[in-house]
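Asker: Taken in order, these protein sequences are the chains called A and B.
Following the working numbering, the numbering of the first sequence begins with 1 at its first residue and continues without gaps.
Following the working numbering, the numbering of the second sequence begins with 1 at its first residue and continues without gaps.
Hints in this document: simulated from the structure, not taken from any laboratory.
The C-beta atom is built at its ideal place from N, Cα and C for all residues, glycine as well.
Treat the hints with care, as some may be off.
[Unchecked claim] Here chain B is said to cover these stretches of chain A; the calculated rule only asks that three of the stretch's residues, wherever they fall, bring their Cβ under 8 Å from a Cβ of chain B:
| no. | stretch |
| --- | --- |
| 1 | 43-56 |
| 2 | 229-239 |
| 3 | 336-347 |
[To be verified] Quick partial rundown of chain B residues pointing at chain A, CB under 10 Å, derived from the structure:
| no. | residue |
| --- | --- |
| 4 | Ala62 |
| 5 | Gly104 |
| 6 | Asn143 |
| 7 | Trp148 |
| 8 | Gly152 |
| 9 | Leu182 |
| 10 | Glu213 |
| 11 | Trp229 |
| 12 | Asp240 |
| 13 | Ala309 |
| 14 | Gln310 |
| 15 | Leu326 |
| 16 | His330 |
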Amino acid sequence: MADALPLDGIRVFDATNTYAGPTCARVLADLGAEVIHVEGLRRMDLVRLLVVADNTVGEDYWNWGGYFMKRNLGKRDLAINLDRPEGREAALRVISTCDVFLESYAPRVMRGFGLDYQSVREVRPDIVYCSLSGYGQSGPYRDWVAYGMGLEPASGISSLTGYPGEGPLRSGISLTDPLSGLIAAYAVLAALHERRRTGRGQYIDLSEHEAAIPLVGRALLAYQLTGRVPERQGNRSPDAAPQGIYPCADEDGWVAVSVQDDAEWHALCDLLGRADWRADPGLATRDGRAARHDELDAGIAAWTRGRDKAEAMRALQAAGVTAGAVLHGKDLLWNEQLAARDFFDVVEDPRAGKRPFPRQLPVRFSRFQVKARGPAPLLGQHNREVLRDLGGLTDQEIDALEAAGVAGTAPEPALPAHLVRIGAAHPVQELIEAGAFLRVEPDYKEQLSARFGTEIGKRAGE
Amino acid sequence: MADRALSGLVVVDLSLGIAGGYCTKLLADQGAEVIKVEPPEGDPTRHLGPFPDGTPDPERSALFLHLHTGKKSVTLDVTTPAGAATVRRLLARADVLVESFLPGTLARHGLAYDDLAEQYPDLVYCSITPYGQTGPWRDYRGNGFTAWATGGLAYVTGNPDREPLANGADPAEYFAGVNAALGILAALAYRDAHGGGQHVDVSLMEAVAANLEYTTALYSMQGAIRRRWYSRHVFRYPSDIFPCRDGYVAVIYGRTGLQQLAVLLDRPELLEDPLFLSYAERVKRWRELDAILEPYLRSHTAREIVEAAQDLHEPFALVLDVPGLLADPHLRERRYFQELTHPRAGKLRYPGPPYRMSETPWETGRAPLLGEHNDELPPTDQTAG
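Chain A extracted, bound-state conformation (with noise of 0.2 Å):
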């Protein structure tokens, strides 16, 4: 028998798109809810066409995006054009049954559709209805087209992070949209515990700029209380000494020491047989090592570098110091502690055949568990079954939406796939020699499948 979920009978109708709001979603999907993604044909999902499955695709291009697969496994998907009469109207008869209702389209965009809060609310007067934005509903930036990669430096977090003395730097991945989606879920959360209680829904204005502050509050507090602003400190910190990235005997192979205090220290001098480090008082203290930071920089590394960085993060943590291995997404797959606890989900997809996805919400209740409910969805897969057994259109009424092209299951305008092809394959040689890829391994569905114990790649009928 299925668990008994969290969220069992809470439905979602879910007109986001790109990463925040599918993160959000596929949350709420994760823990029980029924999620509908909401496409329009003209404003299909972007991602769809990212990171595609073995760097190709087929006729129906708009299906083979492993980066929307992740974000959208579990749901449902109704391609739709919202700003016809027809569609909305059908829309509107949907969202008449769903307590959830998630967009993330510049302010204007759902007021001209006519599926504000106020107008949603007259269908479903209890609906939670969340609006995931850059900047939020008002003020002078509303408008402002946002990206996630221009948010972590809007938000003050870049300003904290790059190499000491150099310029602002910007994490690895579009950080805040991540971190908004799981706000946004938190809050939809904190709504509808208010609504069991009191039987009223809200809206929540979401702006993805400010749920990133937060992150910066010490900053911003240490400027008020001592008039400095913060400084970029690289690998370093003001809270352990020393603490930096080593490199290890592999190729590319790191692994970060954090000395969070004396009792470490003292066990990181006995591991590299630095007798005369534990003797030294001017190192007795984390200001007395902060202040020779270089000095114990490179002794620590000349032992890291004897060492690969799986041996060196597993001596460290037997001596008792603080140190992780820096794993790329390869180690990651492999990772005896991620694959302990099921961390990836194997997950057959009508496409790209079964791949492992992680995790979105990896965390472990003892009553429950919280992992992808199912594939992602084709543009426009359940149509027929939203719109006949949520709206309660007829089959001939559903025919003349698909035959005025205001539902339908591929883009408007579809492109000829050989040019999608060309424009969503990754310049792979380019982006190794950019330094931007270490390799690519032509056997990885082979050795995924060893890992996995099933065949990864494969799709139904091959």
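Add chain B to chain A, keeping to what the hints say.
Answerer: Quick look at chain B alone, frame taken from chain A:
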């Protein structure tokens, strides 16, 4: 204050450090009563600065003041029988317990989930640890810095010819905190729907690894191992942070490719240039593209550049530092920062609501003094312990 989303919830917070602190801040700011149980010397974040004049003061730690808004503070040594017994009595009226000790630590004091579940079957018990409660790494030491590494984000952050880089805001800790807060509300929803409390197990490493935008997907879909590449998006260039006349600016092109960039630079001939038409060309020859952008960027301020680009619907962004955030006109108009007065730290502006709810607004209060609410502790039961 019955009109707050989590009014009536009682949280006993044994966690120390950032992740647990942010988790219970999210709960407190939404109306839960959070009783922060601190060791007699105070939470470790009270001893991490920066402090005014560099003088350590447990009541004026920037990190503590930020993380513990709206909570109560009681001091208890939970490693003594009397302290553990008091925690058990506190739980009599609690819905949630949050803790961040290494696995097995609280079991030595009779405060593990299994020790409490029989007496408190409805308790939601949330544990936040570096690697989780199970698996071969469960006993390893860790913090936000090492979680960033083991979770896969350090490898893709930084310059390709340099060492991988930490993120100065310590996002691993905050992601774990949000995961924990989400897990707690999910467990409470479960309790309302099906009955019963449960154990919620949060791992810092996994909280990072769940957000790998392309890192595992590129291998599982294409066999590629992705590295770090400046501030760039791996499949877009330009999307990077550039120097400009008065600092830095994030240059990011939008839906129409580089078309609007040529308009912004007022150089329509670039639209014919292979550099503007082909991503593969830009990956090879990005320095040439930088050289094209540089004169424009160097001669304009960040705000001029972003406003001009936004007029063309391009998603350029400001690169704000702390003073820039505090002075930002948009945040000011949205009344984002919250001014709070603390008896020892004085009047300061704190980060505001991460989202705005129409019916049950977010609201925060100042951080507590160490042991400020000790008189609310349940009376000592002389027969216990």
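Asker: Grab the minimum C-beta distance from Gly152 of chain B to chain A and call the hint holds if it beats 10 Å, violated otherwise.
Answerer: 5 Å, holds
Asker: With a Cβ-Cβ cutoff of 8 Å, does the stretch 43-56 of chain A contain at least three residues near chain B?
Answerer: Held - the stretch 43-56 of chain A has 7 residues with a Cβ nearer than 8 Å to chain B, which meets the minimum of three.
Asker: When the nearest CB of chain A is found for Gly104 of chain B, is that gap smaller than 10 Å?
Answerer: Gly104 of chain B check fails; min Cβ-Cβ to chain A is 16 Å, beyond 10 Å.
Asker: Against chain A, is Ala62 of chain B within 10 Å by beta-carbon distance?
Answerer: 4 Å, holds
Asker: Verify the interface restraint on Ala309 of chain B: the C-beta must sit less than 10 Å from at least one C-beta of chain A.
Answerer: For Ala309 of chain B, the interface hint holds, since the closest Cβ of chain A sits about 9 Å away, which is under 10 Å.
Asker: Would the hint on Asp240 of chain B stand, with a C-beta cut-off of 10 Å toward chain A?
Answerer: 8 Å, holds
Asker: Cut-off 8 Å, C-beta pairs, minimum 3 residues; does the coverage of the stretch 229-239 of chain A by chain B stand?
Answerer: This one holds; 9 residues, not fewer than the three required, reach chain B with a Cβ under 8 Å.
Asker: Tell me if Gln310 of chain B is really an interface residue toward chain A, meaning its C-beta lies closer than 10 Å to one of theirs.
Answerer: 5 Å, holds
Asker: Tell me if the interface restraint on Glu213 of chain B is satisfied: Cβ within less than 10 Å of some Cβ in chain A.
Answerer: It holds, given that the least Cβ distance between Glu213 of chain B and chain A is near 4 Å, below 10 Å.
Asker: Would the stated hint for Asn143 of chain B survive a check requiring a Cβ distance to chain A of less than 10 Å?
Answerer: 6 Å, holds
Asker: Can we keep the Leu182 of chain B interface hint, with Cβ of chain A closer than 10 Å?
Answerer: Status holds, d = 5 Å.
Asker: Per the coverage rule (Cβ-Cβ under 8 Å, at least three residues), is the stretch 336-347 of chain A covered by chain B?
Answerer: It holds, with 7 qualifying residues against the three required.
When held up to the earlier numbered hints, the structure conflicts with hint 5 and nothing else.
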